[in-house]
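For the sequence shown, this note's numbering begins at 4 and goes up steadily by one.
Keep in mind that the hints were calculated from the coordinates and are not lab data. Some hints here could point you the wrong way.
Distance windows between CB atoms, simulated [to be verified]:
| # | residue 1 | residue 2 | range |
| --- | --- | --- | --- |
| 1 | A71 | R234 | 33 to 41 Å |
| 2 | E224 | F112 | 23 to 31 Å |
| 3 | P350 | G237 | 51 to 59 Å |
| 4 | K347 | T248 | 28 to 36 Å |
| 5 | L320 | D78 | 39 to 47 Å |
| 6 | S342 | P391 | 15 to 23 Å |
Yeah, the Cβ is synthetic: ideal placement off N, Cα and C, and Gly gets one too.
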Amino acid sequence: MAQVVLENLYKSFQKVKIDGESAGTSSAVLRRINLTVRDGEFMVLVGPSGCGKSTLLRLIAGLETATAGNIWVGDRQVNDLPPNQRDIAMVFQSYALYPHMTVSDNLAFGLRRSVNALAADRNADAPPGETTPAWQNWLVAATRPLPKGWRYMTERERAIAQRVQTVAQMLQIEPLLHRLPKQLSGGQKQRVALGRAMARSPQVFLMDEPLSNLDAKLRTETRAQIVNLQRQLGTTTIYVTHDQTEAMTMGDRIAVLNAGQIQQIATPLELYNRPANRFVAEFIGSPPMNFLPVQVQPPLVIAHPQFRMTLPASWELLLRPYAGRSLILGIRPEHLTLSLPAPKNLPGRIRRIEALGADTFLSVSIHEPGSEEPWLQVRIEPDRAIAPGDEVWLSLMPDKLHLFDPDTGAALLPA
4 MAQVVLENLY KSFQKVKIDG ESAGTSSAVL RRINLTVRDG EFMVLVGPSG
54 CGKSTLLRLI AGLETATAGN IWVGDRQVND LPPNQRDIAM VFQSYALYPH
104 MTVSDNLAFG LRRSVNALAA DRNADAPPGE TTPAWQNWLV AATRPLPKGW
154 RYMTERERAI AQRVQTVAQM LQIEPLLHRL PKQLSGGQKQ RVALGRAMAR
204 SPQVFLMDEP LSNLDAKLRT ETRAQIVNLQ RQLGTTTIYV THDQTEAMTM
254 GDRIAVLNAG QIQQIATPLE LYNRPANRFV AEFIGSPPMN FLPVQVQPPL
304 VIAHPQFRMT LPASWELLLR PYAGRSLILG IRPEHLTLSL PAPKNLPGRI
354 RRIEALGADT FLSVSIHEPG SEEPWLQVRI EPDRAIAPGD EVWLSLMPDK
404 LHLFDPDTGA ALLPA
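Could you build the full structure based on these sequences and the hints that come with them?
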């Protein structure tokens, strides 16, 4: 196993005209990527489509060439190494199984070496300047099609078969070993793709949205299976997804990307409770965080046209530079509660109710219809008797508020 270190990594693609000629300009896809994935860690890269997370995975795998920066796997700098020399296994979104091979052969494919490579090994034992015609004759004979029961199984092939059997047991796909990919369901294909990567015992696993083609129930089951397997194997894993639920439930740490840059690297709960900026706060969490503009009135009062409240003393130093200025207040749906009329509470009207069984979500307007101010999402207990059109008062939990600079989007984080 090994850690993966990305140092000041950049990637740009040259723009091309319709006629195929270079346009002379380039488009930056990744900028200033600095990331250390610890030995044995499950790191998740999450972000919206087009943010560069799959490109970053391809750079680590060697399928793309970095424009600048360094990539280290263990104690080796791998920038100039081809993919087959990096000791990395990748699981693709599209499974990429060989359709003419059985499950067993798909699992064994990465373990088997070509006839030419085997010949090179045998000739390496011969004296300088000499070859081994006997081995060449053996290789020719070994490639002739023979009935399966007549084929001689070398010690290496027996070891490969044992490894395939072990991986199949771990993934519970032993009954599928003699099937072709077209005879498998989506979940079964995904497990075979995982098994093919596991069979090689690489230093690093790379997974590019491997669950996106599965239905919701199977995605949940496979998600847990991947995490359990990674903990059992202890292999350093980098997992790409756009689904923040997958990121929160799978990763030891999460790197949030946007527009080709890392916004924050932290544990799931730290991302949720202490987002570094407004983008992270809005992206992590379902439903997303609510945002309202407020005015700072020293020393600790924040005011909105429909409410005002006093913050805890821990905010005083952070609010001092913003005296008389505007900030963006963020509050998560579960940190809003239905309450009684009060100056510190927010009046609104229920516009929509989404009853999900364990939770109920309300869309509450705090403005006149036609205003551009967004509605608030509120999570309440499922047995609350309410109806669309009801007037309500919302109480904000002072110790759960988030404040963001309106210009930079950076979060103000009290100690």
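| Whether the CB-CB distance between P350 and G237 falls inside 51 to 59 Å | Since the Cβ atoms of P350 and G237 sit about 54 Å apart, the hinted range of 51 to 59 Å holds.
| query | Taking the CB of S342 and the CB of P391, does the distance hold inside 15 to 23 Å? | reply | Taking Cβ atoms as reference, S342 and P391 lie about 19 Å apart, which means the hint holds.
| Regarding K347 and T248, is the given constraint of 28 to 36 Å on their beta-carbon distance met? | 33 Å, holds
| Between L320 and D78, is the Cβ distance one that fits in 39 to 47 Å? | 44 Å, holds
| request: Take a look at whether the Cβ-Cβ distance between E224 and F112 falls inside 23 to 31 Å. | output: 26 Å, holds
| query | Does the Cβ-Cβ separation between A71 and R234 fall within 33 to 41 Å? | reply | Cβ of A71 to Cβ of R234: about 35 Å, so the range 33 to 41 Å holds.
Of the hints listed earlier, there is not a single one the structure fails to meet.
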